[in-house]
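Visitor: Spelled out from the first residue to the last, the chains are:
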Amino acid sequence: MGIRFILMVNKQGQTRLAQYYEWLTLEERRALEGEIVRKCLARNEQQCSFVEHRNYKIVYRRYASLFFLVGVDNDENELAILEFIHLLVETMDRHFGNVCELDIMFHLEKAHFMLEEMVMNGSVVETSKANILSPIQLMEKAS
Amino acid sequence: MAMHGMRGLSVFISEIRNCQNKEQERLRVDKELGNVRNRFKNEKVLTPYDKKKYVWKMLYIYMLGYDVDFGHMEAVSLISAPKYPEKQVGYIATSCLLNENHDFLRLAINTVRNDIIGRNETFQCLALTMVGNIGGRDFAESLAPDVQKLLLSSSCRPLVRKKAALCLLRLYRKNPDIVNVDGWADRMSQLLDERDLGVLTSSMSLLVALVSNNHEAYWSCLPKCVKTLERLARNQDIPQEYTYYGIPSPWLQVKTMRALQYFPTIEDPHTRRTLFEVLQRILMGTDVVKNVNKNNASHAVLFEALALVMHLDAEKEMMSQCVALLGKFIAVREPNIRYLGLENMTRMLMVTDVQEIIKRHQAQIITSLKDPDVSIRRRALDLLYGMCDVTNAKDIVEELLQYLSSADFTMREELSLKAAILAEKFAPDLSWYVDVILQLIDKAGDFISDDIWFRVVQFVTNNDDLQPYAAAKVKEYLDKSAVHETMVKVSAYILGEYSHLLARRPGCSPKEIFNLLHEKLPTVSTTTIPILLSAYAKILMHTQPPDQELQSQIWAIFNKYESCIDAEIQQRAVEYLALCQKGAALMDILAEMPKFPERKSSLIKRAEYSEADTAEQSAIKLRAQQQTSNALVVTDQHSANGATSPVPVGQLSLVKVPSMITTENDTSSDHTLSQQNGALSNVDPQPPSADLLSDILGPLAIEGPPDATVQSENNAASGLEGGSDAIDGSAIVPVEEQTNTVQPIGNIAERFHALCLKDSGVLYEDPYIQVGIKAEWRGHHGRLVLFLGNKNTAPLVSVQAIILPPAHLKMELSLVPDTIPPRAQVQCPLEVVNLRPSRDVAVLDFSYKFGTNMVNVKLRLPAVLNKFLQPIQVSAEEFFPQWRSFSGPPLKLQEVIRGIRPMPLPEMANLLNSFRIMICPGLDPNPNNLVASTTFYSDSKPAMLCLVRIETDPADRTQLRMTLASGDPTLTFELKEFIKEQLISIPTAPRAPAPAAAPPAAQPTPQIPPNDPAAILAGLLS
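As they're listed, the protein sequences go chains A and B.
Under my numbering, residues 1 to 143 are what the first sequence spells out, in order.
Under my numbering, residues 1 to 1022 are what the second sequence spells out, in order.
Hints are not guaranteed to be accurate.
Pairs of lysine-lysine residues, derived as BS3-like cross-links and limited to a Cα-Cα distance of at most 30 Å, are as follows [what the hints assert, rightly or not]:
hint: 1; chain 1: B; residue 1: Lys31; chain 2: A; residue 2: Lys11
hint: 2; chain 1: A; residue 1: Lys39; chain 2: B; residue 2: Lys294
hint: 3; chain 1: B; residue 1: Lys41; chain 2: A; residue 2: Lys39
hint: 4; chain 1: A; residue 1: Lys11; chain 2: B; residue 2: Lys22
hint: 5; chain 1: A; residue 1: Lys11; chain 2: B; residue 2: Lys174
hint: 6; chain 1: B; residue 1: Lys83; chain 2: A; residue 2: Lys39
hint: 7; chain 1: A; residue 1: Lys39; chain 2: B; residue 2: Lys370
hint: 8; chain 1: A; residue 1: Lys110; chain 2: B; residue 2: Lys41
hint: 9; chain 1: A; residue 1: Lys11; chain 2: B; residue 2: Lys328
hint: 10; chain 1: B; residue 1: Lys22; chain 2: A; residue 2: Lys141
hint: 11; chain 1: B; residue 1: Lys83; chain 2: A; residue 2: Lys110
hint: 12; chain 1: A; residue 1: Lys110; chain 2: B; residue 2: Lys370
hint: 13; chain 1: B; residue 1: Lys849; chain 2: A; residue 2: Lys39
Okay, the calculated bits of chain A under chain B, using three or more residues with CB under 8 Å as the criterion [to be verified]:
hint: 14; region: 29-42
hint: 15; region: 58-71
Hint data in this document are derived by calculation from the structure and do not stem from the laboratory.
Just so you know, these numbers come straight off a predicted model, no measurement behind them.
Don't be surprised by glycine CBs; every beta carbon is placed ideally from N, CA and C.
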């Protein structure tokens, strides 16, 4: 089914955004996030961007203080996901201008809107930044 | 400024951010939750803006990991807000907070539908996204057609259609029985002509889902996929916005190649040539560049192309080119590429031709086993495990052993299990196998599960030549200063049994062996002490001539443990002490353990099981199933051996088993076994006992049947030792199993007849599959569900179920998947509509393939006449005029039936009742007669009343006269024949006689006064 969840977590392990594409109970989420974050944050730059955890493969990428973690199933192209993370970051960058952790934190709703435009039910919907951002721009103009 | 105006939210977020610790954060969150809860509860009119703000706070709190158990209704209610910003929050919050089965979702269906069919594009998008993320059954039922329409609508803009595609994907995947995709092949093929890359990307995901279920229906999409790929690869007509670092949408390229991997092959030579040209260009033209993102994106495409080439079974030349590329990748510095190189090489093992080429990279792969990155080490381990065969087993296993001491703890268990399995599967000789396992125990004792050392014991016990070697070897380990407890267990067992074989060697006298073992006793736990005690008893028995000093020493130990608090230890001590005093009798009781029966390694079973757990419908696995001929699945021994060496090696076999115990599937054999061990019957120290039991019970339980290798070995064994085996021959694995015919478990006819009377049960079962049925009958409608349960750890493929309905039934079976994953159960609903009365029976033509066995059975379905009956109690007043109104043939038929299975009247009454033909007591004055009534439901006519009268002859229970009446001649005839069939032969085991409290018909009727209505009725009846 592709992407199972997308997490943004900072260096201290605080979740800044969490979007799941399969239903997990709160306890399951908490446990999963804890385990994954511990595993990924302990890794260094020389190690690869993929971590196997339970039935997931975590594809992750670090931008300054923020980690982007994407959980996929075993049947997904890892590098495509890795670059999808970068596409997400570039899209946020285009919108916020030099995006940082605080932008995502204080504009959680916008980060969610962008993600909604990019991923649905675990599949990629759109990869053009202009198309991803147009609904948000429309809304901002309207308000 | 609604977007920026949620000041309250920003304040809250920064307050949370400023919390010094988790406790402060929790307090702040609790306060806020209380605040929001109050607002929701107390303020009658919250502005949509306020609602929106609070809902975002809830979402934020939920994201932090706190439970938010209220406000869901408010979130859902925002969906119906008229303004976009509120509506949007409503949709996002609903899909974050609720799961697909939440009751509130049902409340929103209408609003959602209105948004979807409405004219507002932005609303359409919101609604489609939410349904696409969490839409369940209800949504599929009410929205699927609308969504399909949107996807295909030419007046819809791409931004709506791309969402409709993925929304439909969700609805279809979740409810393939509801979302009708018949005839979608043409539409899909049309969709693939789409110019807009957003719509194309979504449609490609939809295609993958459809094709993975039924590739045959979508052949027409194949050339379109190739065309799309060509368009992308040649960068024709790709808007700038869709190129990523100069690469035309790498995501769409990857998805397209993924879709192509679901088609088993490409027949059209032109399409094939075009595709190979594109692939060749990708393979050759991907260079390593400086920019990381460009590099990743181009390699994402390259790896997918590699997977597709592997799938297509390209010419050998191209395959070698792929392996060469992968070989290069596993040695580069870039860790991601290294990781993926190893991963893809493991997948490549499934292609037979290239295994030899992969072996050339063995040294590099072994280096990767020591990579600083655990992710890469894991891939290397998997690859080594997969590529291991007889030619390289020794090298690989020894590398694994060496690595074991330095491996991190998270990997040791897997590592030792894999080493143990490989050692067993590919051992060039048994002594090497023993060496490996003992080293494993020595180096990673904590990670060695009991079944690993049980298995060594089995091999040693069953191979006489191995016994002195193993005994000497374990003694060496015991000589070391620190010994793992598992090593003490296995040594105690082996030395107890076989140390006398070493008696002439220096340092191996019974006394020395005893001392060596006894030294360890203070260091071990209570589970090991019983094994030590058994070893002492055996050593003592083998000491010839008897050694008085040793004897008193051992007796003293038994004495000491006689009062041990551990019941197991105590019992052994007491029993051994008592036995020792019996003198000569001891010899028999403590005799050498008998050989173990042949069976499949529980380790390998475990490995298969864990494989099955993670089994998914991935393209590569499907492919492996489609092409069993050259597939080499790592856990599949048949193909592994068959494909790699001309001589089938098999797992180590226990062929030398003499036929002392031949019963494989009889629990009593376990009993016999322990009895042969005399004193050990209750306190069985035989390590494999629990395991043995489960193995013996294997074929009876859910386990799959013993695999073919084992069977043939069994066969060989029985052939060699023919005579002695003959007696027990019947108990060995049934011979039929070797000749591809699969025997059903239980009697199919009996199962069918039982299901005619009840609504759920097993319709068919064999060693691989169980087909269950559950039915609900309402009037002329029936809803059956077929449960297809795969009992194995391997998938069942080519599953086909075709309904052959009789003319009077309309039957619709939902899609039956082609493959049933290991240990999975698939449910296939079957709708039945009864059109006319008929006794014809629907047949399910069911087939599947397991390994090389093609099984095909034709099963009668219990959608029989009586299922469409509803019992009805008729009073004399109603019965009487009805009966009279059916004046004679063809509405009323009478027949004398002979050859009835004799049964007491109450039993016959029960039988009719169980067919939903209700006995109406008291209507017939003659106690030997039965009167019954029922109603029959069909689609063509309203419910029909049916009346039955049966007159029996107490002097001759084998005959009776039956009269049947209804308003429809066909019904009268069919029902009469139906009841007749049931009375003449009752195939199920005789039912228990009816309880003593006899039903009314049996009550003796006293003299009937002439004015009794019943008497009048009786007159009319005759």
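Visitor: If a hint holds in the structure, say so; if it does not, say that too.
Guide: These are the hints, each one checked on the structure:
Distance restraint check for Lys31/B and Lys11/A: the Cα-Cα separation of roughly 27 Å lies within the 30 Å cut-off, and the hinted pair is therefore satisfied. A C-alpha spacing of about 27 Å is found between Lys39/A and Lys294/B, which places the hinted pair at or below 30 Å, so the restraint holds. Straight-line distance between C-alpha atoms of Lys41/B and Lys39/A comes to about 42 Å, which puts the hinted pair past the 30 Å bound. Between Lys11/A and Lys22/B the alpha-carbon distance is near 16 Å, which keeps this suggested pair within the 30 Å criterion.
A threshold of 30 Å between alpha carbons decides the hint, and for Lys11/A with Lys174/B the separation of about 37 Å lies outside it, so the pair is violated. Between Lys83/B and Lys39/A, the direct Cα distance comes to roughly 43 Å. Violation of the 30 Å bound is thereby established for this hinted pair. Simply put, Lys39/A and Lys370/B have alpha-carbon atoms about 19 Å apart, close enough for the 30 Å limit, and the pair holds. Between the alpha carbons of Lys110/A and Lys41/B the distance comes to roughly 28 Å, so the proposed pair stays at or under 30 Å and holds.
Distance check on the hinted pair: Lys11/A and Lys328/B sit about 35 Å apart at the alpha-carbon level, beyond 30 Å; violated. Distance check on the hinted pair: Lys22/B and Lys141/A sit about 39 Å apart at the alpha-carbon level, beyond 30 Å; violated. A hinted pair counts as satisfied when its Cα atoms are at most 30 Å apart, and Lys83/B with Lys110/A qualifies at roughly 17 Å. For the hint pairing Lys110/A with Lys370/B, the CA-to-CA distance comes to about 44 Å; that exceeds 30 Å, so the pair is violated.
For the hint linking Lys849/B to Lys39/A, the alpha-carbon distance of about 42 Å lies beyond 30 Å, and the restraint is violated. Counting residues of the region 29-42 of chain A whose C-beta lies closer than 8 Å to any C-beta of chain B gives 3; at least three are required, and the coverage claim holds. By the rule of at least three residues with a Cβ nearer than 8 Å to a Cβ of chain B, the coverage given for the region 58-71 of chain A is violated, with 0 such residues.
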